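K.L.:
Residue numbers (numbering that gives the first Met the number 0), protein chains in the order written: chain A, 0 to 389; chain B, 0 to 389.
For the record, the hints were derived by calculation from the structure and aren't laboratory data.
As the structure is a prediction and not an experimental result, all values here were calculated from the model.
Among the hints, a few may not be true.
Unchecked claim - Using 27 Å as the maximum straight-line C-alpha spacing, the simulated DSS-like pairs for lysine-lysine come out as follows: (1) B/K308 - A/K235; (2) B/K321 - B/K300; (3) B/K263 - B/K85; (4) A/K131 - B/K27; (5) B/K224 - B/K263; (6) A/K321 - B/K224; (7) A/K224 - B/K224; (8) A/K224 - B/K321; (9) A/K308 - B/K308.
Protein chains: 2
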Amino acid sequence: MNNFIFENATKVYFGEGCVNEYLACLLKQYGDTVLLAYGGGSIKRNGIYDEVTAILEKAGKKIVEFSGIMANPTYAKVQEGAQLAKENHVDIILAIGGGSVMDCCKAVSLASRYEGDIWNDFWMHPGVINFKPLPLGVIVTVAGTGSECNGGAVITNEEKKIKTGRDYPQCNPQFALMDPTYTYSVPVKQMISGGFDILSHIMETYFSGPNENNVSDDIMEALMKSVIFNLRAAIKNPQDYTARSNLMWASTMAENRIIKMGKKCDFECHNIEHQLGAYTDCNHGCGLAVLHPIYYRHIYKAGLSKFVKFAGNVWGIATEGKSAEEIALAGINALANFIKEIGLPTTLRELGITDKNLLKEIADSCGISAGSYKTMTHEEILMILNECFE
Amino acid sequence: MNNFIFENATKVYFGEGCVNEYLACLLKQYGDTVLLAYGGGSIKRNGIYDEVTAILEKAGKKIVEFSGIMANPTYAKVQEGAQLAKENHVDIILAIGGGSVMDCCKAVSLASRYEGDIWNDFWMHPGVINFKPLPLGVIVTVAGTGSECNGGAVITNEEKKIKTGRDYPQCNPQFALMDPTYTYSVPVKQMISGGFDILSHIMETYFSGPNENNVSDDIMEALMKSVIFNLRAAIKNPQDYTARSNLMWASTMAENRIIKMGKKCDFECHNIEHQLGAYTDCNHGCGLAVLHPIYYRHIYKAGLSKFVKFAGNVWGIATEGKSAEEIALAGINALANFIKEIGLPTTLRELGITDKNLLKEIADSCGISAGSYKTMTHEEILMILNECFE
Numbered sequence: 000m001n002n003f004i005f006e007n008a009t010k011v012y013f014g015e016g017c018v019n020e021y022l023a024c025l026l027k028q029y030g031d032t033v034l035l036a037y038g039g040g041s042i043k044r045n046g047i048y049d050e051v052t053a054i055l056e057k058a059g060k061k062i063v064e065f066s067g068i069m070a071n072p073t074y075a076k077v078q079e080g081a082q083l084a085k086e087n088h089v090d091i092i093l094a095i096g097g098g099s100v101m102d103c104c105k106a107v108s109l110a111s112r113y114e115g116d117i118w119n120d121f122w123m124h125p126g127v128i129n130f131k132p133l134p135l136g137v138i139v140t141v142a143g144t145g146s147e148c149n150g151g152a153v154i155t156n157e158e159k160k161i162k163t164g165r166d167y168p169q170c171n172p173q174f175a176l177m178d179p180t181y182t183y184s185v186p187v188k189q190m191i192s193g194g195f196d197i198l199s200h201i202m203e204t205y206f207s208g209p210n211e212n213n214v215s216d217d218i219m220e221a222l223m224k225s226v227i228f229n230l231r232a233a234i235k236n237p238q239d240y241t242a243r244s245n246l247m248w249a250s251t252m253a254e255n256r257i258i259k260m261g262k263k264c265d266f267e268c269h270n271i272e273h274q275l276g277a278y279t280d281c282n283h284g285c286g287l288a289v290l291h292p293i294y295y296r297h298i299y300k301a302g303l304s305k306f307v308k309f310a311g312n313v314w315g316i317a318t319e320g321k322s323a324e325e326i327a328l329a330g331i332n333a334l335a336n337f338i339k340e341i342g343l344p345t346t347l348r349e350l351g352i353t354d355k356n357l358l359k360e361i362a363d364s365c366g367i368s369a370g371s372y373k374t375m376t377h378e379e380i381l382m383i384l385n386e387c388f389e
Numbered sequence: 000m001n002n003f004i005f006e007n008a009t010k011v012y013f014g015e016g017c018v019n020e021y022l023a024c025l026l027k028q029y030g031d032t033v034l035l036a037y038g039g040g041s042i043k044r045n046g047i048y049d050e051v052t053a054i055l056e057k058a059g060k061k062i063v064e065f066s067g068i069m070a071n072p073t074y075a076k077v078q079e080g081a082q083l084a085k086e087n088h089v090d091i092i093l094a095i096g097g098g099s100v101m102d103c104c105k106a107v108s109l110a111s112r113y114e115g116d117i118w119n120d121f122w123m124h125p126g127v128i129n130f131k132p133l134p135l136g137v138i139v140t141v142a143g144t145g146s147e148c149n150g151g152a153v154i155t156n157e158e159k160k161i162k163t164g165r166d167y168p169q170c171n172p173q174f175a176l177m178d179p180t181y182t183y184s185v186p187v188k189q190m191i192s193g194g195f196d197i198l199s200h201i202m203e204t205y206f207s208g209p210n211e212n213n214v215s216d217d218i219m220e221a222l223m224k225s226v227i228f229n230l231r232a233a234i235k236n237p238q239d240y241t242a243r244s245n246l247m248w249a250s251t252m253a254e255n256r257i258i259k260m261g262k263k264c265d266f267e268c269h270n271i272e273h274q275l276g277a278y279t280d281c282n283h284g285c286g287l288a289v290l291h292p293i294y295y296r297h298i299y300k301a302g303l304s305k306f307v308k309f310a311g312n313v314w315g316i317a318t319e320g321k322s323a324e325e326i327a328l329a330g331i332n333a334l335a336n337f338i339k340e341i342g343l344p345t346t347l348r349e350l351g352i353t354d355k356n357l358l359k360e361i362a363d364s365c366g367i368s369a370g371s372y373k374t375m376t377h378e379e380i381l382m383i384l385n386e387c388f389e
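Bound conformation, chain A alone (with noise of 0.2 Å):
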């Protein structure tokens, strides 16, 4: 096992109920100015805008509405929730909703109390924070990106066609409210590829050295047969509780950085999307299933061993009279399979790119992971988006 280092402060409720139970008593602490934070306005719509606003009115909280949070937040929405964090003298950030929202109050809270560029000084470059953010809580409303428990932002700057992220821990928010029944008012469509997003980070941190027995690694294999029998179920019935609860929970345990712990992680694929979603706004859970079985094909050779493991531990490919490379293969092909069973896209043209001439600007653009089984180089990124064409 690699040494490593684990730290993960934010404070988790979980379960129906938890947002009335504890939001009034978790906010005493802090002043009275609260920057509610929030997307396109589906929470308008489900009532948990109401729910939440009678709390904080309940509670005598001023609300400073900082809304319209997009896919994919933008550098520039970033900007415009800091000044108002400023301008407002706000003493704490409540993002509802999922990781866009998350991540983008992340980068707010950052740049809320610093007076340089934080684009350049924190994203662009890792930086030393040596300031205290300004204090984040969340509530979330969808399962996927598990950006609750950790100080992980991916924020996209337009001009520079840039999409990255960073986690500092300081950046961990507060606390995190999780009600499943939350996450019942999402579209079928957005549950299925935040799942996917949930098994993306599993996998990522799964395929990558030390190629040794690790414990990480075995977790990450109930946690992938658990995303996936409970994707099953959640679409079958989007208001299972039980099937909600794994996956949101699930969604969390793969990225509070437990699974990482000894394991080099490879995010290659993320890194790829990021790059789509920089130049396209595609869906980051569709687009990562685009590009995860290709990516593997081009990988699998050099962790041979630990693809075999895949196929069986996860998938429960019979082994018998089969090579090694035939078993890896078919591990991949039941991916392959599970994306298509859900309903997830498997060309770039279906994520609505168009324009193969794009695609080696793209792939020049993409950061290359040291972690991967093998290292990827920009030709071989380019061949892979041409895989994953059409």
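Using the hints, position chain B against chain A.
P.N.:
Showing chain B alone in chain A's frame:
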């Protein structure tokens, strides 16, 4: 999944060389006086004492020694440590050892900042900690209790013949330094009983309600298989770094609260073993090994589907042509065979308990777990102890 609250504030530094790399830096934020706590002196024989004191001296720290912490630490020992900490105006406790040393020091961290009787106010009854305990850092030398990442402390009141534990998040260590090579010199017998303690923590959580599909159960199956595999590997070669790393991290994962999320937790075997320990001072892991299979034969019918899952998913028991009861019992037998295989005791007589008349008094003193599949009575606990006798 049952509703839950999760928090874990301990920061972990894991891997070979971590003490040398991080200890001095970690202590910088505390004052100069360190209560250096340890057990019977094995750290003087294996060189850890010299390594740590050299680091403390170089950092200009004043060392107050608190040694001789026994297995099953007593309330009297806690009071001794608190007295030392108060008299010497200690700024931080540095505990070096396994569960006994860490547990004792958590109680010291409370007692040295509290004027009342901590046994009565925090152990006999759950208390409210509205003060800041003395900070505690730990250096782990034995894998077993997982005490490094929780606020739990099991203390024995010799006078009252009660051994009991409570978990207060405020007692979580500030930091835990975990170097797997520090566990190399642990005698093999103690390594094995520590390994079984890990397995017991996981089983006592796994075999509890609610009986539903729960990702925490899936994670536990992965952890159990990992402990079984790596304990065998470490017995074969005690200096197998990978095996010792996995055991060490699995012990943390079993008790850092993660696997308890959404679960009731049983811990009836721990309740019974604690009273065995209070009356006989027997080794904790050995006591658990004697109890587990017999306790499970008493409760398995009430949790049949879970015992079937345990047999198949943890022990690989073939299920074809067998009834659910047969499969469940085969799983319990596999556990019993593993206990024999690794050389743990199977009777109370082997633990040095020769007076059968004592058993009724022990049984009557046991706590009753509310989370078990089948709630015990003191009569049934006595039946179990009688069956364990020889």
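K.L.:
Each hint: holds or not?
P.N.:
Okay, the hints, checked on the actual structure:
1. Under the criterion of a C-alpha separation no larger than 27 Å, the hint pairing B/K308 with A/K235 is consistent with the structure, at around 24 Å.
2. Straight-line distance between C-alpha atoms of B/K321 and B/K300 comes to about 15 Å, which keeps the hinted pair within the 27 Å bound.
3. Taken as a hint, the B/K263 and B/K85 pair is broken in the structure, with Cα atoms around 38 Å apart against an allowance of 27 Å.
4. The suggested pairing of A/K131 with B/K27 holds, with an alpha-carbon distance near 20 Å, which does not exceed 27 Å.
5. Only pairs whose Cα atoms come within 27 Å are accepted, and B/K224 paired with B/K263 is accepted, the gap being roughly 22 Å.
6. Distance restraint check for A/K321 and B/K224: the Cα-Cα separation of roughly 26 Å lies within the 27 Å cut-off, and the hinted pair is therefore satisfied.
7. The hinted pair formed by A/K224 and B/K224 meets the criterion: a straight-line CA distance of about 16 Å does not exceed 27 Å.
8. The straight-line distance between the Cα atoms of A/K224 and B/K321 is roughly 26 Å, inside the 27 Å bound, and the hint therefore holds.
9. For the hint linking A/K308 to B/K308, the alpha-carbon distance of about 21 Å falls within 27 Å, and the restraint holds.
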